[in-house]
Amino acid sequence: MSKVSSAAKKRVKASPASSGSREKYTLPRMQFRGAKIKLTEARKAFRALHAQSA
Amino acid sequence: MPVRRQSSAPQVFINAPFDAKYKPLFDAIVFTVVACGYKPRCGLESSDSGTPRIGRLIDMIKSCDLSIHDLSLTQLDADSGLPRFNMPFEFGVFVGARSFGGPSQNKKICYVLAEKQFIYQRYISDIAGQDIGMHNNEPVKAIQKIREFLRGHANSRSLAGASVIVASYERFKSEVPRLSALPQFQYDAGDLHFLDYCQLAEAFLLEVGWGRD
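For the record, the sequence lines run as chains A and B. Be aware that the first sequence starts at 5, since it is given in this note's numbering, and climbs by one per residue. Be aware that the second sequence starts at 1181, since it is given in this note's numbering, and climbs by one per residue.
If you are wondering where the hints come from, they were derived from the structure by calculation, not from laboratory data. Nothing false has been slipped in among the hints.
Covered stretches of chain A, going by a simulated chain B footprint (3 or more residues, C-beta under 8 Å):
1) 28-35
2) 38-50
Chain B residues, not near chain A, derived (Cβ > 10 Å throughout):
3) L1251
4) P1263
5) F1265
6) P1268
7) P1283
8) K1288
9) A1308
10) D1371
As a list, the in silico BS3-like pairs of lysine-lysine whose alpha-carbon atoms are at most 27 Å apart:
11) B:K1287 <-> B:K1242
12) B:K1201 <-> B:K1296
13) B:K1353 <-> A:K42
14) B:K1203 <-> A:K40
15) B:K1321 <-> A:K28
16) A:K42 <-> B:K1203
17) B:K1325 <-> B:K1203
18) B:K1287 <-> B:K1325
19) A:K40 <-> B:K1242
20) B:K1242 <-> B:K1288
21) B:K1203 <-> B:K1296
22) B:K1353 <-> A:K28
23) A:K42 <-> A:K28
24) A:K48 <-> B:K1353
25) A:K40 <-> B:K1353
26) B:K1325 <-> B:K1242
27) B:K1201 <-> B:K1353
28) A:K40 <-> B:K1201
29) B:K1203 <-> B:K1242
30) B:K1288 <-> B:K1321
31) B:K1325 <-> A:K28
32) B:K1353 <-> B:K1325
Computed from a prediction, not measured in an experiment: that's the story for all the values here. The beta carbon of each residue, even a glycine, is placed where N, CA and C say it ideally should be.
Start from the sequences, fold in the hints, and give me the full structure.
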């Protein structure tokens, strides 16, 4: 199994959207109609999780 | 105040086994499609009993310009002892749509995944010699192959490198169970509905540095 480079891991860990850095990659709107989990709620939860681990 | 027009994601039809054994590959493929800015679609999306499954699949295939077909599952079903034809069948529907579907369908592009070089040629010789991606049943290889395929169709969009997607996916996998433990999310992390999984992947990526178009 290929190994993930430690540089790539660091890039992911050190790049929360809240850091204010300009986003390099973008996502168009996907709209998963029928999903029970709301996008805004999930984002908030991930943000809180990342704040805890920071 | 000028209104910013929001682009909607191009759709990718994923034709792959839904078995538990295949789940690590399937989850990695779905995550990669989202990370590359495409909306994944597959037969797990809806359980509308009012419309026959084949009708829903045809509608889905019609609306997707790109598709990924994993034809690696060739073993007989352990319970019935019979082969499974769903994946080759859906691949055939996609190729048929491209060939006979008229101008709105003839730009369709598909990508076939298999486990190992040369073996697939023995069970589906009609596509021998075509550009097939080998994943060797490894999620990291599948991520690399899918990202490479989608990059070729991303136009001006800048896609994250495979190593960044792999690292993001590893982190996402470790965080999903922690998210499920939160009081507002009452779900079993190992048994997420396809649409909820996609929604979480999108939310996660937007929180680790991906922006909006």
